[in-house]
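Peer 1: I would like the entire structure built from these sequences, with the hints used as guidance.
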Amino acid sequence: MEKTISGDERENPTQSRKQISSEIAFSIAKNRLHSKLGFEFENFDLLSAAKFSTKRLLLFSCSQSRTMSTGTDETMDRLFPKPQRKEMLRSTYVMFDAEDFSIPDPLLFKKNIVTAIEKEGYRGRIKINGYFGLKITIPQDLLDQYLEAGIYSKIFEGDRVARMNMMLVELLFWAMSHYPAGTNVLIITKNQKILEEHKVRDIIEALAVRDFYFAIEHPDTFFPPAACAESSELFIPIATRKRTFDG
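In this text, residue positions in the sequence shown follow the working numbering: the first is 1287, and each later residue adds one.
These aren't lab readings, by the way, just hints derived from the structure by calculation. We put the CB at the ideal spot given by N, CA and C, even for glycine. Some hints here could point you the wrong way.
As a list, the in silico DMTMM-like pairs of lysine to aspartate or glutamate whose alpha-carbon atoms are at most 25 Å apart [what the hints assert, rightly or not]:
| hint | residue 1 | residue 2 |
| --- | --- | --- |
| 1 | K1397 | D1427 |
| 2 | K1413 | D1488 |
| 3 | K1405 | D1497 |
| 4 | K1440 | D1391 |
What follows is a list of derived Cβ distance ranges for each label pair [unchecked claim]:
| hint | residue 1 | residue 2 | range |
| --- | --- | --- | --- |
| 5 | P1425 | K1479 | 27 to 33 Å |
| 6 | L1393 | F1459 | 26 to 32 Å |
| 7 | V1447 | R1411 | 27 to 33 Å |
| 8 | R1409 | P1466 | 18 to 24 Å |
| 9 | I1441 | K1368 | 32 to 38 Å |
| 10 | D1445 | K1368 | 36 to 42 Å |
| 11 | D1445 | L1481 | 18 to 24 Å |
Peer 2: In structure tokens, the structure reads:
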């Protein structure tokens, strides 16, 4: 008897191929980083890592709402550790997870990000990438505004897992291109469970002891809902995040 294949089932093979391709890319990048830095990601012991760098590993927990205003007032705590003199020129890699999320004023968004980083004493290069999924509907003129603001848009096919794999691939290659010099990495996402994904957690833990500083923030931190309402009808959910230092 011939089996009837639904529309969803017909789409699954394509999604599976995209996810498998992203898994292969991630595996290749991970192996290359292992060859260069000399460590494995799997079974990485966070407590052992903390012994090497107790004050540089950032921990994240939910707390009261914090936002940065678009003016001169600031109501947020630090993103990264206070830099020593030799660390002031550290580069910062900003990864904006924009799969189903868009900012109507990319220039203001970037300005707030750069201002927050510079106020912390960092004067190095700041690279900002926005990562989109194909399912998102975003006007070309808005993508052009992102580019004009200095936010480079990257569009990945596949589901959330495949897209996250490719984001991690880019992070791994960023780490390889800068090691042994450490950098700052700011991940901007509305996914409050991002650290529950073992690949993300393992990579952050492993790189944190190689002198890479990490911060994870909701987009509201740099583009509050009030500012969004003035520029667009898009709704941006409020997040609650706070960073503390271990040790």
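Peer 1: Which of the numbered hints are not met once you compare them with the structure shown?
Peer 2: Checked against the structure, no hint fails, so every one of them is satisfied.
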